[in-house]
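Please model the complete structure; the sequences and the hints are all you need to start from.
Under the numbering used here, the first residue of the sequence shown carries the number 1232, and numbering increases by one thereafter.
Hints were generated in silico from the structure; no laboratory data involved. There may be inaccurate statements among the hints.
[Unchecked claim] Simulated pairs of lysine-lysine, DSS-like, Cα-Cα distance not exceeding 27 Å:
1) 1317 <-> 1252
2) 1311 <-> 1329
3) 1311 <-> 1255
4) 1317 <-> 1329
5) 1329 <-> 1258
6) 1252 <-> 1311
7) 1252 <-> 1329
8) 1317 <-> 1255
[As the list claims (entries may be wrong)] Quick list of the computed label-pair ranges, beta carbon to beta carbon:
9) 1306 <-> 1265: 16 to 26 Å
10) 1312 <-> 1255: 15 to 25 Å
11) 1273 <-> 1335: 23 to 33 Å
Glycine is no exception: its CB is placed at the ideal position from the N, C-alpha and C atoms.
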Amino acid sequence: MLVVALLTFLVNIPFGYWRAKVEKFSKEWFLAIHLPVPLIVAFRLLMGVHLNIPTVVVFVISFFLGQRAGIVLNRLLARKLGETSKNLFADLVRLFQKSRVEGANR
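Set out below in structure tokens:
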């Protein structure tokens, strides 16, 4: 169960990052929340984790902590990059490139 909870958390980070950049209650906002659900259900089924009250609580907490971590990460990267996109991975590449350029100029 803990592996699936960790995967739930990790999968939701990029979706929370995306969610931070869209208008609340828009189509994209709902997609950022609901698109990871089938993937998490698939993880749970593949790993043979059965639903009961404690597992539901753990998964819901992992889900929202991952979303929240993505939102916080968006704010942190905005301080470093200025403007961020909706794509966590693209912004991480930009940050890496920026740090390489700044390191080369020293």
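Hint check results:
no. : hint                      : result
1   : 1317 <-> 1252             : 6 Å, holds
2   : 1311 <-> 1329             : 9 Å, holds
3   : 1311 <-> 1255             : 24 Å, holds
4   : 1317 <-> 1329             : 18 Å, holds
5   : 1329 <-> 1258             : 32 Å, violated
6   : 1252 <-> 1311             : 16 Å, holds
7   : 1252 <-> 1329             : 21 Å, holds
8   : 1317 <-> 1255             : 14 Å, holds
9   : 1306 <-> 1265: 16 to 26 Å : 23 Å, holds
10  : 1312 <-> 1255: 15 to 25 Å : 23 Å, holds
11  : 1273 <-> 1335: 23 to 33 Å : 43 Å, violated
Hints 5 and 11 from the list above are not met by this structure, while the remaining hints are.
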